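Each chain, letter by letter, is given below.
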Amino acid sequence: GNSVTQMEGPVTLSEEAFLTINCTYTATGYPSLFWYVQYPGEGLQLLLKATKADDKGSNKGFEATYRKETTSFHLEKGSVQVSDSAVYFCALSGSIIQGAQKLVFGQGTRLTINP
Amino acid sequence: EAQVTQNPRYLITVTGKKLTVTCSQNMNHEYMSWYRQDPGLGLRQIYYSMNVEVTDKGDVPEGYKVSRKEKRNFPLILESPSPNQTSLYFCASSPGEKLFFGSGTQLSVL
Chain A
65 GNSVTQMEGP VTLSEEAFLT INCTYTATGY PSLFWYVQYP GEGLQLLLKA TKADDKGSNK
125 GFEATYRKET TSFHLEKGSV QVSDSAVYFC ALSGSIIQGA QKLVFGQGTR LTINP
Chain B
11 EAQVTQNPRY LITVTGKKLT VTCSQNMNHE YMSWYRQDPG LGLRQIYYSM NVEVTDKGDV
71 PEGYKVSRKE KRNFPLILES PSPNQTSLYF CASSPGEKLF FGSGTQLSVL
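Residue numbers (the working numbering), protein chains in the order written: chain A, 65 to 179; chain B, 11 to 120.
Rather than coming from a laboratory, the hints here were simulated on the basis of the structure.
Among the hints, a few may not be true.
If you want the ones that stay clear, here's a sample from chain A, every Cβ over 12 angstroms from chain B, calculated [what the hints assert, rightly or not]:
1) S96
2) G105
3) G107
4) Q109
5) S147
6) A155
7) S157
Think about it this way: if two alpha-carbon atoms lie no more than 20 angstroms apart in a straight line, the pair counts; the simulated SDA-like pairs of lysine to any residue are [as the list claims (entries may be wrong)]:
8) B:K75 with B:L21
9) B:K67 with A:R131
10) A:K166 with B:A12
11) B:K108 with A:S147
12) A:K166 with B:V119
13) A:K166 with B:L21
14) B:K28 with B:V119
15) A:K166 with B:G68
16) A:K166 with B:L51
17) B:K108 with A:L111
18) A:K120 with A:V146
19) A:K116 with B:E107
20) B:K108 with A:L83
21) A:K120 with B:G68
22) A:K124 with A:L83
What you are looking at is a predicted structure, and each value in this text was computed from that prediction instead of being measured.
Backbone N, C-alpha and C define an ideal beta-carbon position, used for all residues, glycine too.
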């Protein structure tokens with residue numbers, strides 16, 4: 065079945081550092097890929113997505129590229145801020161047709177940014 | 011404001027005492043779902059609903075019930091809670107692929 069593996073946290077960085085959170089997936093067919101972010105005390109919210117190979121999703125300075133050859137969707141940001149401290153979840157859906165029905169989440173990576 | 015509302019935010023109960031966590035969305039979404047979040051395990055789907063009166067099991071449905079009598083509401087019912095159901099629960103709704111989450115319910119079963 066479909067699965068998502070994220071790098072283990074927690075990750076602690078200083079402000080303005082470069083961020084990479086690794087995500088790899090196993091899936092059949094043509095999944096869509098997502099990054100969700102969970103700020104303290106809140107529910108998850110969609111950060112970015114990509115629906116086909118070589119697509120790049122971007123939002124709030126974060127980027128991730130759908131790499132079919134390496135089955136990866138790594139999250140990157142060039143200069144992190146304290147306000148980026150949160151838990152980040154990589155996720156995939158079986159297909160656009162299936163939508164949210166079969167969304168599979170990784171285990172989450174806690175990110176802390178120190179001033 | 012478009013939102014998914016869960017209640018209560020925090021709940022402490024004892025083993026075997028039936029409880030209901032409510033979930034309501036005001037976006038007219040057909041799809042709704044319940045997840046539990048546990049450390050190191052990410053989010054796991056409990057039940058989902060494609061529309062009114064249409065529900066199906068997710069990955070961890072044991073010990074839970076749901077109902078979907080109206081489009082906006084999707085309550086989660088624990089008939090006889092046990093300590094292994096202590097967790098952070100999220101309700102979500104979706105118009106397609108993107109999920110909109112509630113703020114969560116932290117449940118402790120003693």
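Going through the hints against the structure:
Listed as a non-interface residue, S96 of chain A fails to keep its Cβ farther than 12 angstroms from every Cβ of chain B; the least gap is roughly 6 angstroms. The claim that G105 of chain A is not at the interface with chain B is violated, since a C-beta of that chain comes within 12 angstroms of its own (minimum 7 angstroms). Look at G107 of chain A: its CB is around 3 angstroms from the nearest CB on chain B, not clear of 12 angstroms, so calling it non-interface is violated. Here Q109 of chain A does not stay apart from chain B, with its beta-carbon only about 7 angstroms from theirs, under the 12 angstroms limit.
Interface exclusion of S147 of chain A from chain B stands, the closest Cβ pair being 19 angstroms apart, more than 12 angstroms. Listed as outside the interface, A155 of chain A is inconsistent with that label: its C-beta sits roughly 8 angstroms from the nearest C-beta of chain B, within the 12 angstroms cut-off. A beta-carbon of chain B is positioned within 12 angstroms of the beta-carbon of S157 of chain A; the least distance is around 6 angstroms. A threshold of 20 angstroms between alpha carbons decides the hint, and for K75 of chain B with L21 of chain B the separation of about 18 angstroms falls inside it, so the pair holds.
Simply put, K67 of chain B and R131 of chain A have alpha-carbon atoms about 31 angstroms apart, too far for the 20 angstroms limit, and the pair is violated. Proximity of K166 of chain A to A12 of chain B is assessed by CA-CA distance (about 23 angstroms); at most 20 angstroms being required, the pair is judged violated. The hinted pair formed by K108 of chain B and S147 of chain A fails the criterion: a straight-line CA distance of about 23 angstroms is larger than 20 angstroms. A distance of roughly 28 angstroms separates the Cα atoms of K166 of chain A and V119 of chain B; the hinted pair therefore is violated under the 20 angstroms criterion.
Note on K166 of chain A and L21 of chain B: the hinted pairing is violated, with a Cα-Cα distance of about 28 angstroms set against a maximum of 20 angstroms. Pair hint K28 of chain B plus V119 of chain B holds up; C-alpha atoms about 11 angstroms apart against a cutoff of 20 angstroms. The suggested pairing of K166 of chain A with G68 of chain B holds, with an alpha-carbon distance near 9 angstroms, which does not exceed 20 angstroms. With a C-alpha separation of about 17 angstroms, the suggested pair K166 of chain A and L51 of chain B falls inside the 20 angstroms cut-off, and the hint holds.
Straight-line distance between C-alpha atoms of K108 of chain B and L111 of chain A comes to about 10 angstroms, which keeps the hinted pair within the 20 angstroms bound. With a C-alpha separation of about 24 angstroms, the suggested pairing of K120 of chain A with V146 of chain A is violated against the 20 angstroms cut-off. Under the criterion of a C-alpha separation no larger than 20 angstroms, the hint pairing K116 of chain A with E107 of chain B is consistent with the structure, at around 14 angstroms. Only pairs whose Cα atoms come within 20 angstroms are accepted, and K108 of chain B paired with L83 of chain A is rejected, the gap being roughly 24 angstroms.
For the hint pairing K120 of chain A with G68 of chain B, the CA-to-CA distance comes to about 30 angstroms; that exceeds 20 angstroms, so the pair is violated. A threshold of 20 angstroms between alpha carbons decides the hint, and for K124 of chain A with L83 of chain A the separation of about 13 angstroms falls inside it, so the pair holds.
In terms of the numbered hints stated before, the structure departs from hints 1, 2, 3, 4, 6, 7, 9, 10, 11, 12, 13, 18, 20 and 21, listed from lowest to highest.
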